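Chemist: Here's the letter readout for the chains.
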Amino acid sequence: MGDLTHLTISELQAGFRKGDFTPADAVRALEARIQAVDPQIGAFLARDFDSALAAAKKADVSQPLGGVPIGIKDAINVLGEQCTCASKILAGYKAPYDATVIARLKAAGAIPFGRLNLDEFAMGSSTENSAYQITKNPWDPTRIPGGSSGGSAAAVSARMAYATLGSDTGGSIRQPASLCGVVGLKPSYGRVSRYGLVAFASSLDQIGPFARSTRDCASLLSVMAGKDPHDSTSLDLPPEDFTSRMTGDLRGIRLGIPREYFVDGMDPRVRAKVEEAIKTCETLGAELVEVSLPHTEYAIGVYYIIATAEASANLARFDGVRYGHRAKNPTDLLDHYRRSREEGFGSEVKRRIILGTYVLSSGYYDAYYLRAQKVRTLIRQDFTRAFETVDALVCPTSPDLAFKIGERVNDPLRMYLADIFTIAANLAGICGISVPCGLVEEKGTSLPVGLQFLGKPLDESRLLGIADAYEQAGAKEILAQIP
Amino acid sequence: MTEYLATIGLEVHVQLRTRSKMFCSCAVEFGAEPNTHVCPVCLGLPGALPVMNEEALRLTALAGLMLGCEIGPVCKFDRKNYFYPDMPKNYQISQYDLPFCLGGAVPLHDLSYPKDAQKMIATKDKKIRLVRIHLEEDVAKSFHMETVSGIDFNRAGTPLLEIVSEPDIASPEEAFAYLTVLQQLMIYGGISDADMEKGQMRCDVNVSVRPVGTEKFGTKIELKNLNSISGVRRGLAFEIPRQIEILRAGGTLDQETRRWDDVRGETTLMRIKESAHDYRYFPDPDLLPVRTAPLVAAARARQPELPWEKRARFVADFGVSEYDASVLSDDLEMAAYFETAAKGARKPKNVANWILNDLQSALATASLGIRDCPIRPEGLDELVHLIDSGVINSRQGKEVFAEMFSTGKAAAGIVEEKGLRQVSDAGAIEALADEVLAANPGPVADYKSGKASALNFLKGQLMKLSKGKANPSLAGEILEKKLQ
Ligand SMILES: [Zn+2]
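Going down the list, the sequences are from chains A and B.
Okay, so the first sequence: first residue is -9 according to this note's numbering, each after it adds one.
Okay, so the second sequence: first residue is 37 according to this note's numbering, each after it adds one.
Hints are computed from structural coordinates only; laboratory data are not their basis.
Among these hints, one or two may not hold up.
As the list claims (entries may be wrong) - Capping the alpha-carbon separation at 20 Å, the derived lysine to aspartate or glutamate pairs in DMTMM-like fashion look like this:
#1 364/A x 133/B
#2 160/B x 366/B
#3 112/B x 356/A
#4 234/B x 65/B
#5 260/B x 202/B
#6 385/B x 367/B
#7 217/A x 90/B
#8 160/B x 202/B
#9 503/B x 470/B
#10 177/B x 322/A
#11 484/B x 471/B
#12 379/B x 360/B
Here the structure is a predicted model, which means the values were calculated and not measured.
Modelling step: build the complete structure from the supplied sequences, incorporating the hints.
Modeler: Printed below as a string of structure tokens:
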């Protein structure tokens, strides 16, 4: 039977269906791997092998994801399980309902399993902002796995999960996927229901999968996508098989290379790997076209205004009145609010709540929030224009390799730059995916580099087809080298 | 001595009559066990999202149409941010710069004023202009016990209209009339039950005074805890002279919020208004802007006859007086009752009289509403018809009515059962007349000598002899003829 943890979901399912092994075997393999590896990595905040095993024993492997265990970011509600958002303010909080994606995964036979670490309330790019633990990069445990979905990326990278769910508000799936050498997909805004994902920035958040193949991401998306009556911003579209355009080549595809995404400050080794990957795309038949996204430089500024503004309201509900951390012996209501939130939130969350409150304040609203919305429209138009001439864009996912734990914690601005290539996609509502495209030797360890493809809104099928073609040609070996 | 004018603006909140809440599918039910109509959405649990209640949007459009508001092509929802324990998300989903309805007006009419003030209306047919109507979600309800507070979230998320008037109201009586008409319109449209006792309609009042002849409004004071329409009138009737007195004594007024104490009949200071609160409104990213056209079309299809239209029609179609038409149309169920009863009546005015006199007093004595009336409107019509066509006389009618009211039986059945059929057969009455004249030579002589009142005595005797069944006017005619 061998070590099942090396398998992708499609390989796993083939084995289930042939009777080579069972879903229970798949869960036990994870259990052994997690017990051996997670003490060094720290991806999981909670895990319950017994209930996963019980579900695996009842699994119907003929279902679309029958018997497949899926790790879940600890910001997505799973009935009866903790949902802390890696925050003290939700310590001990148990979800009383299933997020829509969880309900859909369960209905397709998948087994939501384990709670994965993140930056508190998904605010961060390194998973160092978790109130509970630091997750390490499996390629080099002295380095960060990226964030905010660092636990989800690290778990897949370290073979502690076959696939996981994360959420991407400004790059929180693609950036850690890049730094951990796995595949991470951010669907278009509205493609996947947000109901049950604890909101960070409602107009930017999307749930998406991590896996060790593009195909696996596609099959997870096929199950999760679709209109949800509980989310007004989810779009009513016919069901799709997102693996349908996986032809293995890129003939007839016009790939745009955005000039602004190859900046001087980026790691030259990352740049070299990405340029090499783009050549591979050309040999696969893609036509390369240089394009411009002129408002790119404003993306980070716009993002930190809109995301924090929305977050300041979204996080107001954490007040210790109905649930969550409650300060002891408050002298009055104001004292209760103040201390419950003071004690419950970490410093990055507080920084963003304060920033968001400020940009919405009367007298500043027009100068910041309203202006940011206007620039957001310009950024969206950049992409619309680019997509008039190309089918997809190709660029680096992150300007850097995984950096050292602690290296940027006291430099929030530098930390914010980690998302420089991913943020605009959220502002524009388009889809994006990060696929490994190379390894760079750094002080005796190999660190992965990610290649990002960006697609038109709701053009996931084509995007996944492109990413899969590249993966077959250029990423397979890297994915196979996962530590 | 300086004379002062009062300026009053009202902010009315009306709970919409929908089956479910504004942004979730929890039932709206007054008086349910605390926290039994709650879900992740209306409790503000992590990850929950709001979804709009279409019926609430349609009812808002209907309110806009009925009040003559302007409804823009698109409206949107915003988050109003402030911390309060009865607000689960610590922001309220409301509407800021693109509300559902703008403008519009509430027309006052004589009968909408308090009864004792209907004779001294300052401005006849005054219209109170509206600033706007927007849709939002209601908050939960806090209960303060000895050492702890409890929160009932059943109310949280109930669709709520906020109706803001221009400061066009000049007296407590006009405020009373405004609220009366508004309440009536809400009920007419099926928009809200608008019961102030149940908190389905709530009212905040802003009032200021200024010397006659000056333009600038005085210091605005807000009144809270006004729990009935007459309470609003009483609160203002206390507050306006209070403000005037202070100004006349050379004092100044602070911008403050005062609480009306209905038992003690006075307003007391709640808080001095601090600098305006910054609610940091911004568009709710969880909800898409709303196109109003289909909602307005749906609302137009169910736009009811307005109270003033109904009054005019009652006068024109049924020949009732303006006053009676007003009273009958005051209550929608009463109006429907009248209309059903009067539809086939030969003299609808008589139906109206029966309703306004005997029926209303019987209902009042029995403490029943028109909804629970034991006599169906068709039954009342039948009774009036029996009287108008001379089958029974009006005294018998009252007897039949009482029986109908207590037993619910039909009029014709009671007439049969009790043998109450009026005798209108001239031959039979002539026989009775002969008998009466023979038995009463004295009164006959009196009549013949010019004492006209003797005829009434003789008529009484005839009625008695017929056991009340004789047609009284026919009996009078026959007696008179025989005495000539
Ligand atoms: Zn609810």
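Chemist: What are the numbers of the hints the structure violates, in ascending order?
Modeler: none
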